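Following the hints, put chains B, C and D in place on chain A, whose structure we already have.
Number of protein chains: 4
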Amino acid sequence: MKEFLFRQLSLDKNPSLSILTKIIYIVIFVSIFFVVIETEPSISNNYKHFFFNVNMFFGSFFVFEYLLRLYAVGLDKRYSGFKGRIFYIFTPFSLIDLLAIIPAFIFPGSSESFLLRLFRVLRIFSILRTSKNTEGLRLIIKVFMNKKYELLYSLLITLSLIFISAVLLYLAEGGIQKEAFGSIPRSLWWAVTTLTTVGYGDIYPITAIGRILTIFITITGIGVVAIPTGILAGGFSEILSQSKDKSNLG
Amino acid sequence: MKEFLFRQLSLDKNPSLSILTKIIYIVIFVSIFFVVIETEPSISNNYKHFFFNVNMFFGSFFVFEYLLRLYAVGLDKRYSGFKGRIFYIFTPFSLIDLLAIIPAFIFPGSSESFLLRLFRVLRIFSILRTSKNTEGLRLIIKVFMNKKYELLYSLLITLSLIFISAVLLYLAEGGIQKEAFGSIPRSLWWAVTTLTTVGYGDIYPITAIGRILTIFITITGIGVVAIPTGILAGGFSEILSQSKDKSNLG
Amino acid sequence: MKEFLFRQLSLDKNPSLSILTKIIYIVIFVSIFFVVIETEPSISNNYKHFFFNVNMFFGSFFVFEYLLRLYAVGLDKRYSGFKGRIFYIFTPFSLIDLLAIIPAFIFPGSSESFLLRLFRVLRIFSILRTSKNTEGLRLIIKVFMNKKYELLYSLLITLSLIFISAVLLYLAEGGIQKEAFGSIPRSLWWAVTTLTTVGYGDIYPITAIGRILTIFITITGIGVVAIPTGILAGGFSEILSQSKDKSNLG
Amino acid sequence: MKEFLFRQLSLDKNPSLSILTKIIYIVIFVSIFFVVIETEPSISNNYKHFFFNVNMFFGSFFVFEYLLRLYAVGLDKRYSGFKGRIFYIFTPFSLIDLLAIIPAFIFPGSSESFLLRLFRVLRIFSILRTSKNTEGLRLIIKVFMNKKYELLYSLLITLSLIFISAVLLYLAEGGIQKEAFGSIPRSLWWAVTTLTTVGYGDIYPITAIGRILTIFITITGIGVVAIPTGILAGGFSEILSQSKDKSNLG
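Protein chains in written order, with this note's numbering: chain A, 1 to 250; chain B, 1001 to 1250; chain C, 2001 to 2250; chain D, 3001 to 3250.
One thing to keep in mind: the hints can contain errors.
As the list claims (entries may be wrong) - Estimated spans, in silico, between C-beta atoms of each pair:
(1) B:I1141 <-> A:I26: 27 to 35 angstroms
(2) B:I1141 <-> C:F2087: 50 to 58 angstroms
(3) A:F216 <-> B:F1093: 49 to 57 angstroms
(4) B:N1045 <-> A:H49: 26 to 34 angstroms
(5) D:I3023 <-> A:I19: 25 to 33 angstroms
(6) B:K1077 <-> A:I124: 53 to 61 angstroms
(7) D:R3007 <-> A:L155: 29 to 37 angstroms
Since the hints were made in silico from the structure, they are not lab data. The model shown is predicted, which means the values in this text are computed figures rather than measured ones. Ideal Cβ positions, reconstructed from N, Cα and C, are used throughout, including at glycine.
This is chain A alone, in the form it adopts within the complex (with noise of 0.2 angstroms):
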């Protein structure tokens, strides 16, 4: 029995994932998902004793599955007996499930705790340990720890050329526009927006000296998002090509 929770708690590094697990994931999804929709008052209000009830099932659930987890990890011999348990208790995978039930006692049943209950969302990081699933994962961040440089030198240019933006505009629009362009951090406002394609069309230049300044920036812009992607193309370009010399070589 305690074996049995011992595998199914994924508690040793067994290659897929154990049924049990699949459920737990399944929980802490719907759990989210049900603290997501409690923070709309025209939905929680009105059902605020459902709520409430959800709250205690979910609590429990953590509770009682974090007591089985506690009892079926004596079977490894890292964490077995009362000192095992205490230093299992501060791994790092663990401190997040202990943070995941802290709602259940503080607030069991209120709504006040929400984000107390959206850190349960940690918990799916725990499928990290389980090294099958996750293999684009860990491709994409190769690529970004190969690229790390050229990535940060592009932000840098990204940056600067939203400073300059913003500088410029103040320049052009500060004295008409004053809500919106009045001061450089307001006109950053705006270069953050515009450069990143985002265009809320709360503020935009007004002035011809301003649009012209615009036309230029946007169009400077394009790199914004060219440069980065050409990075990350060539990153996962070079990724494959190693991939593929080392199978001719093995």
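Chains B, C and D only, in chain A's frame:
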């Protein structure tokens, strides 16, 4: 005559499109065009009679084509005889053809059945039965298949960024802009339209802390487009170098 | 003298631009600039006399240049003599030159002929006759040619996404926002501006179901930019590795 | 002591940044931060005395640093003695340093000289003198150099698209929306913000023909981002395969 129809209706796997098949595809597109136009009340209200006739014409056309197809398919051994015809009717592409003629019987000339008429667009996919014209599409699908794990994790990174942004802005602006950021689901609408750089501008942060957070979020959000694009670019390069390696060996 | 003009007017295929040709290109750009500025009523209304003179000047300039060109082209054997000149007038690039001087005769100083004047911009394309300067453009065109099927299917995926989005939002919002989503053509306007991430914000979904659909649509829509960019990136990599293979062999 | 300063101020080309240089860079960033904040009237009006002192402090700091630098540079043979010091003052990086201290003398504590203070940001570029930290930036610049013709033609394609779009929308909407599309320069503002996908939403077509044209323009406009990104991605792949070829030979 039956054989001519059989060949023309692409019922055997001929590599290129026959003249009759091309005509049918054009008729499908024209019929879809009229379905789209008919939904616009400022047009359809003034030409009710015209659209009634249009619907009657296309309904009759597709019924006639369906019957011809049912008649000619007998040349295929699998579908010959009455039993074969019944069997043919329940093949996937034939069911789509059937779906496309239903409105001709239920609501022959009315505009209520527009959704059923739109299903005619699905008939276009029967073009995938012929192999010559679809190499480009197959290549795109192949790249998506090869890179499915990277693309999946890139999607997860995007969804995480959207979720974190929504929570942060809910905390920063929820108290001040109750209508726009008063709950995480409302905040999610903002987060999605911002991080995909659509930026409708219906809602946006107005507090200093909300705007500073948005500056960090949108700059990080450049990765939302850059990462999947980089992955796909790497995938398309890989496909090309693979086919080159093959041709070097051949 | 005639020979000097012949060489200077680039009538033979000399690899670099002559000084006179450069001057003519600059005059073309300046004349286009004035055509553009003249359309702005707040400027042209105050300087009617000035723009009349500008139009007269550029009209005379291009007529004079046309006559010089017609005179000098006689040195080319194909276009010598009266018959040769007539033949030359009907070559494509010469017809564009003719188009550019028509406003000088029909509406010499008026502003009505602005569209005819804009055709002068087409004269810029005569730069394509010289081969040295256009390698970069040829490379871009070659990549588009090599990848035309992939790009075509990428366009079809984009158009399908736009069409499906428009139908979904018409169904979700058509009853509530009649002006914005009351028909598929209206919905298409929203779908295009959203999926290309322009996001004017003139219309956007307001119902819960419409917003949930939009969240899925915009996230899927990341592919609208990512797929063609990935294809082009692969194409540019391929071109480079091809030319490297050649230089390895040479 | 002089030698210690000489080394610490990075006046010889030492590969990594000295502690003093790092401190100076941090001071530059902090001083820029205060210049930016001071432009915001809602902050600076309440803390006039504080910002006066801040300006005095940074002014004195940069004057003191400049004098130290001038004193220590004597260890470099080229700049030793009075004549050498004069010669040093007129080197490009030293002129930037001089520019950064001018506001300390002309407007010591006032806010009028904010532009001169912003020039301090240029001092950051002196980091380029050290070679170790800037490989990433050099790579980006190298790709831009290698692909300059392709990028130039990609820019020309973008500008042509913007120009053609502006003319088309001027013809389609100019008569109806005089304020927004009443001239080509006005139309250009719309064309740039649309094709770069910023989409402020301050102006947009409202006629059927204008919207149909915009649908074609924005879909074509996907290339505005896709072409330069593809070129850069190809360029970054090329750089990587070149350095791999080298390392294979070495």
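Quick one: are N1045 of chain B and H49 of chain A within 26 to 34 angstroms, going by C-beta? 49 angstroms, violated
For the hint 49 to 57 angstroms, verify it against the beta carbon of F216 of chain A and that of F1093 of chain B. Given range 49 to 57 angstroms: holds, Cβ gap about 53 angstroms.
I1141 of chain B versus F2087 of chain C beta-carbon gap, inside 50 to 58 angstroms or not: Distance hint for I1141 of chain B, F2087 of chain C holds at roughly 52 angstroms.
C-beta pair I3023 of chain D, I19 of chain A: status relative to the range 25 to 33 angstroms that was hinted: 58 angstroms Cβ-Cβ, so the 25 to 33 angstroms window is violated.
Hint check for I26 of chain A and I1141 of chain B - Cβ pair distance inside 27 to 35 angstroms: 30 angstroms, holds
For the hint 53 to 61 angstroms, verify it against the beta carbon of K1077 of chain B and that of I124 of chain A. 54 angstroms, holds
Does the Cβ-Cβ separation between R3007 of chain D and L155 of chain A fall within 29 to 37 angstroms? Given range 29 to 37 angstroms: holds, Cβ gap about 30 angstroms.
Violation of the numbered hints given earlier is confined to hints 4, 5; the remaining hints are satisfied by the structure.
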